[in-house]
Amino acid sequence: MNTTRVTVADFRNNMSDYMNRARYGDEIIVIEKWGKVPLRLEQMVEKKQKNAKSDKTKARIERIKALNATFGMWADREDMKDSVKWVQDLRKKEESRYANLLG
Numbered sequence: 001m002n003t004t005r006v007t008v009a010d011f012r013n014n015m016s017d018y019m020n021r022a023r024y025g026d027e028i029i030v031i032e033k034w035g036k037v038p039l040r041l042e043q044m045v046e047k048k049q050k051n052a053k054s055d056k057t058k059a060r061i062e063r064i065k066a067l068n069a070t071f072g073m074w075a076d077r078e079d080m081k082d083s084v085k086w087v088q089d090l091r092k093k094e095e096s097r098y099a100n101l102l103g
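According to full-length UniProt numbering, the sequence shown holds residues 1 to 103 in order.
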């Protein structure tokens, strides 16, 4: 791996370039501040990132499924299974009710 030493000011001015070089290339970016190394950028192992992403995605899907699942007194209602149709029917009932009131 190739190592590049840069100052904080240089890194600040060219941050996206250095981030891309560290991420996509085989390069380690060492950022120096007053001759000391407070930060070192290098590419992460790709397998760990993929596993972390898939774990996050699985967790997100589980949360969405839990939110969409019916519960309590709504769980056994067959008319609530298709919420779009239920709302359309409800609006039709309300519309016909107002039509009867207005004449």
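Hints in this document: simulated from the structure, not taken from any laboratory. One or more of the hints may lead you astray.
To be verified - Here are the simulated SDA-like cross-link-like pairs (lysine to any residue), alpha carbons at most 20 Å apart as the crow flies:
#1 K65 to A75
#2 K33 to L67
#3 K33 to F11
#4 K81 to R91
#5 K92 to A69
#6 K33 to M15
#7 K81 to K58
#8 K92 to D76
#9 K93 to D82
#10 K65 to E78
#11 K33 to K56
#12 K81 to K93
#13 K85 to L101
#14 K58 to G72
#15 K85 to L102
#16 K58 to D76
#17 K33 to K65
#18 K58 to A75
#19 K58 to M73
#20 K65 to Q88
#21 K81 to S96
#22 K65 to R91
#23 K93 to A75
#24 K33 to V8
#25 K56 to G72
#26 K33 to K58
#27 K93 to A69
#28 K33 to R5
#29 K92 to M80
Going through the hints against the structure:
no.: 1; hint: K65 to A75; result: holds (14 Å)
no.: 2; hint: K33 to L67; result: violated (48 Å)
no.: 3; hint: K33 to F11; result: holds (11 Å)
no.: 4; hint: K81 to R91; result: holds (17 Å)
no.: 5; hint: K92 to A69; result: violated (26 Å)
no.: 6; hint: K33 to M15; result: holds (15 Å)
no.: 7; hint: K81 to K58; result: violated (24 Å)
no.: 8; hint: K92 to D76; result: violated (23 Å)
no.: 9; hint: K93 to D82; result: holds (17 Å)
no.: 10; hint: K65 to E78; result: holds (19 Å)
no.: 11; hint: K33 to K56; result: violated (35 Å)
no.: 12; hint: K81 to K93; result: holds (19 Å)
no.: 13; hint: K85 to L101; result: violated (25 Å)
no.: 14; hint: K58 to G72; result: violated (25 Å)
no.: 15; hint: K85 to L102; result: violated (26 Å)
no.: 16; hint: K58 to D76; result: violated (27 Å)
no.: 17; hint: K33 to K65; result: violated (48 Å)
no.: 18; hint: K58 to A75; result: violated (24 Å)
no.: 19; hint: K58 to M73; result: violated (28 Å)
no.: 20; hint: K65 to Q88; result: violated (24 Å)
no.: 21; hint: K81 to S96; result: violated (24 Å)
no.: 22; hint: K65 to R91; result: violated (27 Å)
no.: 23; hint: K93 to A75; result: violated (23 Å)
no.: 24; hint: K33 to V8; result: holds (6 Å)
no.: 25; hint: K56 to G72; result: violated (28 Å)
no.: 26; hint: K33 to K58; result: violated (41 Å)
no.: 27; hint: K93 to A69; result: violated (26 Å)
no.: 28; hint: K33 to R5; result: holds (11 Å)
no.: 29; hint: K92 to M80; result: holds (16 Å)
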